[in-house]
Each structure stands twice: as structure tokens, then as C-alpha cells.
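Participant: Sequences and hints are given; from them, build the entire structure.
Residue numbering for the sequence shown follows full-length UniProt numbering, beginning at 1 and increasing consecutively.
It should be emphasised that the hints constitute simulated quantities derived from the structure, not laboratory data.
The structure presented is a predicted model; accordingly, all values stated were derived computationally and were not measured.
Ideal placement from N, C-alpha and C gives every residue a C-beta, glycine not left out.
Take these hints with a grain of salt, some might be off.
As the list claims (entries may be wrong) - The calculated label-pair distances, taken between Cβ atoms and stated as ranges, are: (1) Ala226 / Gln51: 36 to 44 Å; (2) Ser135 / Glu221: 30 to 38 Å; (3) Ser192 / Pro53: 41 to 49 Å.
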Amino acid sequence: MRRFKSETIEGRSVSASETTPPSKQGIGILGGSFDPVHVGHLWMAESALEQLPIEHVRWIPAATSPLKPHGPVASNEHRLQMLRLALSGQSGHVIDDWELRQDSVSYTLLTLEHLQEQFPNRPLYLIIGADSLASFDRWREPQQILKRCQLAVIARGGDPPPDYSILNSMTDEPQIQRIRESQIRMPQIEISSSDLRRRVASGRSIRFQVPHPVRTLIAQEKLYQAE
Numbered sequence: 001m002r003r004f005k006s007e008t009i010e011g012r013s014v015s016a017s018e019t020t021p022p023s024k025q026g027i028g029i030l031g032g033s034f035d036p037v038h039v040g041h042l043w044m045a046e047s048a049l050e051q052l053p054i055e056h057v058r059w060i061p062a063a064t065s066p067l068k069p070h071g072p073v074a075s076n077e078h079r080l081q082m083l084r085l086a087l088s089g090q091s092g093h094v095i096d097d098w099e100l101r102q103d104s105v106s107y108t109l110l111t112l113e114h115l116q117e118q119f120p121n122r123p124l125y126l127i128i129g130a131d132s133l134a135s136f137d138r139w140r141e142p143q144q145i146l147k148r149c150q151l152a153v154i155a156r157g158g159d160p161p162p163d164y165s166i167l168n169s170m171t172d173e174p175q176i177q178r179i180r181e182s183q184i185r186m187p188q189i190e191i192s193s194s195d196l197r198r199r200v201a202s203g204r205s206i207r208f209q210v211p212h213p214v215r216t217l218i219a220q221e222k223l224y225q226a227e
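Facilitator: This is how it looks when you write it as C-alpha cells:
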């Protein structure tokens, strides 16, 4: 089996899998604020791991998204800690804090360039929701993003199918067809981080919507509570 080089995860060097079959040599990229991480994120990542030719899903929490200039509510360390609790002991999932360590606005293109330097021979699959696809023309240099990765769009049951026509002016039909073939199917899950923050602020339960250790941390650290 092919031997992969070491990767840097959260600032420390670890060995990647040495037994990954050739059909699973890709890397799934899941970025976001994860403020907080919830079961919808987990189900999305697991669906990607099952359906895409990837060895692992790489969770990359954003420092500040250019489309969310006010930034996350919880601190970087709290969001990392919640991810660690949610993914502890789970194979096929890696937390990468590279964007947080840049301490600047998180642009997907820069992250992809960084990952290509780390993994020059492994295909990258950028996992996004259909809503993110709809605003893809607002991303920084979307044509360059498409040259560096394969989009893998989440298609939730009960929602309209993703509209790929926004890509028509950015790339050719063969690549759009490959993106269609990488579509990730999953059930509709009505959970959002913003709603969870509102529920905590108003004293309502978030049980079963986030992993239990994450809910415990939110309570202990008094995250998202109204001032």
C-alpha cells in the first residue's frame, strides 16, 4: 500500500494512514464556524465519508468568514474544544486549525493552496451546502477554487435539488458533470448553529441536537447565554 507523508494537525505532527486503498485517497474538506458544532455537521461529514472517494474528512474551523464579517460568537479555543469533544475517538475525521492559526479572514482559496502544498498528489473534495453553491459567485476567485478541488454539494432530502447553473460561466461542462456526480445525498436535518445559539440564550434545550460532551461544555462555560 502507498505510504502517505506525515500531516500537521493542530500544530503537531502525526502519521497519516498507511493502508488507504487507492480508491479512497482523496481528502474531504469541511469548513465553517462550527459555532457550535451540531449533529447536522456530523451527519454531513459522515455521509461524505461514505459516498466520496476520500480517506478522511478534514474539519477546518474558520477564523472569520468573509461572508460573515462579524465573526463567530464563541472563541477559537472553545470552538476547537467543541470539535475535539464531538469527534473524539472517531476514525476518518481530522481537525485542522490552520485557518485559526492565520488569525485573519479565512479565504477558501488560500486554504486550498495550503492543502495542495501539504498533499500534492491527493485530490481535494470541498464539501458545501446547496446554499453555499448558490452564493459561489461571491467567493474569492471561484474559478481558481474550481481548479484546485472538486466541489461536493450536499443534497438534502426534501429540499430542491442543487442548482449547478451558477457554475456555467466558471468552468466547462465536463467538470460540472463531475461535480454533479460528487453530490452527497443525506436526509433533511432542521438544525442550525444560529438557532442553537438562540435556544441557549433563551434557556431552551439543545439536547440531542449537539453531542452530549459539547452540550456539557456549553453549559459549563456559559457559552451563548444572554448578557
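Participant: So, for every hint listed, does it hold in this structure?
Facilitator: Hint-by-hint comparison with the structure:
Under the hint 36 to 44 Å, the C-beta atoms of Ala226 and Gln51, about 40 Å apart, fit the expected range. Taking the beta carbon of each, Ser135 and Glu221 are about 32 Å apart, inside 30 to 38 Å as hinted. With their beta carbons about 29 Å apart, Ser192 and Pro53 fall outside the hinted range of 41 to 49 Å.
Consistency with the previously given hints fails for number 3 only.
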